[in-house]
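Q: First to last, the protein sequences are chains F and A. Numbering (the numbering used here) for the first sequence: 81 to 320. Numbering (the numbering used here) for the second sequence: 81 to 320.
Derived from the structure by calculation, the hints contain no laboratory data. Don't take each hint at face value.
Chain copies aren't distinguished; within one or between two, either way the pair holds.
No more than 20 Å apart at the CA atoms, straight line, and that leaves these computed lysine to any residue pairs for SDA-like [said to hold, decoys possible]:
1) K223 with I288
2) K91 with P199
3) K203 with K292
4) K117 with K238
5) K292 with F201
6) K267 with F201
7) K276 with Y305
8) K141 with K260
Number of protein chains: 2
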Amino acid sequence: MTKISRDIIAKSGIVINQDKDLYSFNLDTILLYNFAKPAKKGKIVDLCSGNGAIGLTLAAKTSAKIYLVELQKPLADLAQASITDNKLDDQVKSINTDVKDVLQYLDHDTIDTIVCNPPYFAKSDQTKIKESPVLAIARHELKTNINEILHQAMILLKENSHLFMVFRPDRLVDLLSAMKANQLQPKRIRFVRSHKTDVANLVLVDGIKTHKSSSLMVLPDLVMYDGNVLSREAKEILNE
Amino acid sequence: MTKISRDIIAKSGIVINQDKDLYSFNLDTILLYNFAKPAKKGKIVDLCSGNGAIGLTLAAKTSAKIYLVELQKPLADLAQASITDNKLDDQVKSINTDVKDVLQYLDHDTIDTIVCNPPYFAKSDQTKIKESPVLAIARHELKTNINEILHQAMILLKENSHLFMVFRPDRLVDLLSAMKANQLQPKRIRFVRSHKTDVANLVLVDGIKTHKSSSLMVLPDLVMYDGNVLSREAKEILNE
Numbered sequence: 081m082t083k084i085s086r087d088i089i090a091k092s093g094i095v096i097n098q099d100k101d102l103y104s105f106n107l108d109t110i111l112l113y114n115f116a117k118p119a120k121k122g123k124i125v126d127l128c129s130g131n132g133a134i135g136l137t138l139a140a141k142t143s144a145k146i147y148l149v150e151l152q153k154p155l156a157d158l159a160q161a162s163i164t165d166n167k168l169d170d171q172v173k174s175i176n177t178d179v180k181d182v183l184q185y186l187d188h189d190t191i192d193t194i195v196c197n198p199p200y201f202a203k204s205d206q207t208k209i210k211e212s213p214v215l216a217i218a219r220h221e222l223k224t225n226i227n228e229i230l231h232q233a234m235i236l237l238k239e240n241s242h243l244f245m246v247f248r249p250d251r252l253v254d255l256l257s258a259m260k261a262n263q264l265q266p267k268r269i270r271f272v273r274s275h276k277t278d279v280a281n282l283v284l285v286d287g288i289k290t291h292k293s294s295s296l297m298v299l300p301d302l303v304m305y306d307g308n309v310l311s312r313e314a315k316e317i318l319n320e
Numbered sequence: 081m082t083k084i085s086r087d088i089i090a091k092s093g094i095v096i097n098q099d100k101d102l103y104s105f106n107l108d109t110i111l112l113y114n115f116a117k118p119a120k121k122g123k124i125v126d127l128c129s130g131n132g133a134i135g136l137t138l139a140a141k142t143s144a145k146i147y148l149v150e151l152q153k154p155l156a157d158l159a160q161a162s163i164t165d166n167k168l169d170d171q172v173k174s175i176n177t178d179v180k181d182v183l184q185y186l187d188h189d190t191i192d193t194i195v196c197n198p199p200y201f202a203k204s205d206q207t208k209i210k211e212s213p214v215l216a217i218a219r220h221e222l223k224t225n226i227n228e229i230l231h232q233a234m235i236l237l238k239e240n241s242h243l244f245m246v247f248r249p250d251r252l253v254d255l256l257s258a259m260k261a262n263q264l265q266p267k268r269i270r271f272v273r274s275h276k277t278d279v280a281n282l283v284l285v286d287g288i289k290t291h292k293s294s295s296l297m298v299l300p301d302l303v304m305y306d307g308n309v310l311s312r313e314a315k316e317i318l319n320e
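Generate the whole structure from the sequences, applying the supplied hints.
A: Okay, here's the thing in structure tokens:
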């Protein structure tokens, strides 16, 4: 018997079906949802969408069509159940496919915004894999990798459209190099720390597809805790 | 009549001859001096050393030989005057040459630490050039660029030795991509802001020459001001 829970990000009102034995959304998901500024209309893609938490919740911020692209069927099925439960069938589509095959479903240069919470761990970094197969694929670059994902993002996006991602700062060089190699210019970057005196544990990136060179803004940090309590900004993000 | 001033970084005790009409050290110099951890012996190179402020002041931290590599003769001459004034002729050498010709003076794979405060502005970004020729060359990529500098740094450094740099965050992608392309792995990165709520205006990087992949630490920010007054850390750095 699987245990499905129904959870809501912030005050979006959109219910996400989750199976804690597979993969559940976490702080990263909520922060990316908060950071992303989706196009108000047109088409949005959530690449590596998992159970669809970010893409589905974006329906609270936009009336654009939203496509959830996820390789793993158990997660794509959960996303479909959430689409139905929220009566979002007209706005949100679940596409159960490999990122590398996404052009069988969506046309190049047609997407207005991409959001992506990709697998974080490089394939070489295999010591940490202790999870279930579904979770391992969601967290490690076993079936795709940051280069492939950003290449597909570049192909899908319209010129001057934005990509919003969350990643690990320890792989910042991989992330920014792969963006540069794929004509995705980082425009804004924000580091997330537990306390202001801690090393950063997440990075949020807003990139734009363009041939022009552009300059990067390193935004003020998002600091989650002030001593033992949530910072004012963290509290706002978690309950907005 | 040129106006030479004699200035000291922090409490190093080392006097730097400066000509304010050419190029003077500034906050960037002091922050890089503070951030750098020079090898205690062996050979250190200050690439694009200007009037030698960082390299010379490092003599307060190390007994290694220090080589100041600077293209512009008026600046290299000032550095030589400072070497003499501080009686550092046995430890510090001024090399008046183009970065691309540095291997005529130093051997590859022999340097234990490199420090570098390079020109910040890309050649394409020419709208801002309003300075004297000497200052323009010090600040803009007119005679060298970040790729060339990092390539030479890679050739000079011993395996597993460190490079310490200061740069502008708006060119972070150029910096990290050029490091990656030259087998210089960023190990620690630190952003500097005026206030904690400001966009970063400087970035300090500690990289290592290695074939191995390595993970990056994004250190806690250096925040210079707390309201209208210097922060405790800024005060310590400026007067240490």
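Q: Checking against the hints above, which ones are violated?
A: 1, 2, 8
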